[in-house]
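Engineer: Just so you know, the sequences run in chain order L and Z.
Letter 137 of the first sequence, counting from 1, is numbered 137 in the numbering used here, and no numbers are missing.
Letter 78 of the second sequence, counting from 1, is numbered 78 in the numbering used here, and no numbers are missing.
Keep in mind that the hints are not guaranteed to be accurate.
Said to hold, decoys possible - Among chain L residues calculated to face chain Z with C-beta under 7 Å, some are:
1. 2
2. 105
3. 107
4. 110
5. 115
6. 128
7. 188
8. 192
9. 247
Everything labelled a hint here was simulated from the structure, so no lab data went into it.
Ideal Cβ positions, reconstructed from N, Cα and C, are used throughout, including at glycine.
Listed below are the residues making up each chain.
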Amino acid sequence: MNFKGRDIISVRDFSKSDLLYILKIAKEMEKEKPKLLDGKILATLFFEPSTRTRLSFESAMFRLGGKVLGFSDEKVTSVKKGETVWDTIKMAECYSDVIVIRSPVEGSARLAAEAASIPVINGGDGANQHPTQMLLDLYTIQKIKKKIEGLKIGFLGDLKYGRTVNSLAIALSFWKVEMYFIAPDALQMPEHYIKELREKGIKCHKTSDVFEVSQKLDILYVTRIQQERFPDPLEYEKYKNAYRLDITLLDHIKKDLKIMHPLPRVGEINAELDDTEHAVYFEQAANGVAVRKALLALVLGEEK
Amino acid sequence: MKERRIPAIKDGTVIDHLPSRDTFRIIRILNPQEFKHPINLALNLNSKKIGSKGVIKIDSRFLTQSEVNKIAILAPNATVSIIKNYKTTEKIQVKLPEELVGVLNCTNPVCITSKEVIISKFKVLREKPLEVKCHYCERVYGKDEVEIKGK
Numbered sequence: 001m002n003f004k005g006r007d008i009i010s011v012r013d014f015s016k017s018d019l020l021y022i023l024k025i026a027k028e029m030e031k032e033k034p035k036l037l038d039g040k041i042l043a044t045l046f047f048e049p050s051t052r053t054r055l056s057f058e059s060a061m062f063r064l065g066g067k068v069l070g071f072s073d074e075k076v077t078s079v080k081k082g083e084t085v086w087d088t089i090k091m092a093e094c095y096s097d098v099i100v101i102r103s104p105v106e107g108s109a110r111l112a113a114e115a116a117s118i119p120v121i122n123g124g125d126g127a128n129q130h131p132t133q134m135l136l137d138l139y140t141i142q143k144i145k146k147k148i149e150g151l152k153i154g155f156l157g158d159l160k161y162g163r164t165v166n167s168l169a170i171a172l173s174f175w176k177v178e179m180y181f182i183a184p185d186a187l188q189m190p191e192h193y194i195k196e197l198r199e200k201g202i203k204c205h206k207t208s209d210v211f212e213v214s215q216k217l218d219i220l221y222v223t224r225i226q227q228e229r230f231p232d233p234l235e236y237e238k239y240k241n242a243y244r245l246d247i248t249l250l251d252h253i254k255k256d257l258k259i260m261h262p263l264p265r266v267g268e269i270n271a272e273l274d275d276t277e278h279a280v281y282f283e284q285a286a287n288g289v290a291v292r293k294a295l296l297a298l299v300l301g302e303e304k
Numbered sequence: 001m002k003e004r005r006i007p008a009i010k011d012g013t014v015i016d017h018l019p020s021r022d023t024f025r026i027i028r029i030l031n032p033q034e035f036k037h038p039i040n041l042a043l044n045l046n047s048k049k050i051g052s053k054g055v056i057k058i059d060s061r062f063l064t065q066s067e068v069n070k071i072a073i074l075a076p077n078a079t080v081s082i083i084k085n086y087k088t089t090e091k092i093q094v095k096l097p098e099e100l101v102g103v104l105n106c107t108n109p110v111c112i113t114s115k116e117v118i119i120s121k122f123k124v125l126r127e128k129p130l131e132v133k134c135h136y137c138e139r140v141y142g143k144d145e146v147e148i149k150g151k
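Isolated chain L (complex conformation) (with noise of 0.2 Å):
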């Protein structure tokens, strides 16, 4: 399989092969492999906050013999000055091998990656695909469950907005797998995607209470309510401390759940879950170097 040169932009441009040979090179990355990308350089544009994509895509390069370049705040470039996505791509497929794109602005990845004549990977773009997060979602599963098939997946918390679970939710499709979506109806699942992955023969439950189905599953994967994506500020009061998993929870879950994670968090996992062997998300969230990693070498064609 050949990933030279393509860009990583939406959980629809992968077939079930690519990701399992991502999976497969993000494994061999868990290896050092000091001088694999000795030379080229990784542009990182960052139009929004970012702690987690940002500091482990740059990690990942180094650790890869790479060099990083960039900024993280949009006011500090001439995007401020009004200067458009297509024309700062321009600019930075002259200083760069490799682009790692996020923006609030949705399609802004899609626009990069036609402008760049150089591998664009979508670091986010606004509620729409976060590629890279599916994929070190689906590494993790696959990583602590030793497979994916069969395993019955609950998502948590905010359906609607969440980019991740969207991505997830289709990624895992290729597998058989259960799905329950646990969320209050105004932030369940969109419509279409339960009809998509119906349609793909997955079993879809919808429920608003976590203890209701918590017995059968064998992941958890909880997001955050995300204030920045609510258009009414009203409606985010409404429903940000709509779940909060503690300690109790224990009394209803199978031995052997995982609990995931996109982080950052805020209060939906009380931290007195995270001693316990549930808790995944902190290597979750460290999984995203080998996968971003791959990711890199991947697209660089040296992933050898």
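Following the hints, complete the assembly by docking chain Z onto the known chain L.
Structural biologist: Leaving out everything else, chain Z in the frame of chain L:
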């Protein structure tokens, strides 16, 4: 003899088999204010094919492919006839292309197409009922949600 509800045209285009409820929307997207010759329109005619239909007759004007594509978005069963000297010289069954380029606006306010000057692109996911997806923000729209570009 069949009653003729709208007078025949010598040269021009006849658009038939439009759903009655969408006929006004269709005439609007063709920018009739820019046409210099008469346009006749009839609504709520009986149709074996679609029940209640509308017909538009445009004098001295032949529709372009891009105009025909716009009609296909709202009226997948429409037929477009080119009339020359009172005779039908060509009958075009409208057909949606796989991709609609520069035809629709994405109404997502945070889509890049609302921020920068870009030619819009939509993938047709389904023709009946219509479902299209913005190439950039990936938002999916149904027939009643799409916004068709004016000129």
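Engineer: Each hint needs a verdict: does it hold in this structure or not?
Structural biologist: Hint-by-hint comparison with the structure:
1. 2: With a minimum Cβ separation of about 24 Å from chain Z (threshold 7 Å), the hint on residue 2 of chain L is violated.
2. 105: holds (5 Å)
3. 107: At about 3 Å, which falls below the 7 Å cut-off, the nearest Cβ of chain Z leaves the hint on residue 107 of chain L intact, so it holds.
4. 110: OK, holds: residue 110 of chain L within 7 Å of chain Z, min 5 Å.
5. 115: Result: violated, 10 Å to nearest chain Z Cβ.
6. 128: holds (5 Å)
7. 188: Interface hint status for residue 188 of chain L: violated (17 Å vs cutoff 7 Å).
8. 192: Hint holds; residue 192 of chain L Cβ to chain Z Cβ min 6 Å, cut 7 Å.
9. 247: Constraint on residue 247 of chain L not satisfied, violated at 39 Å.
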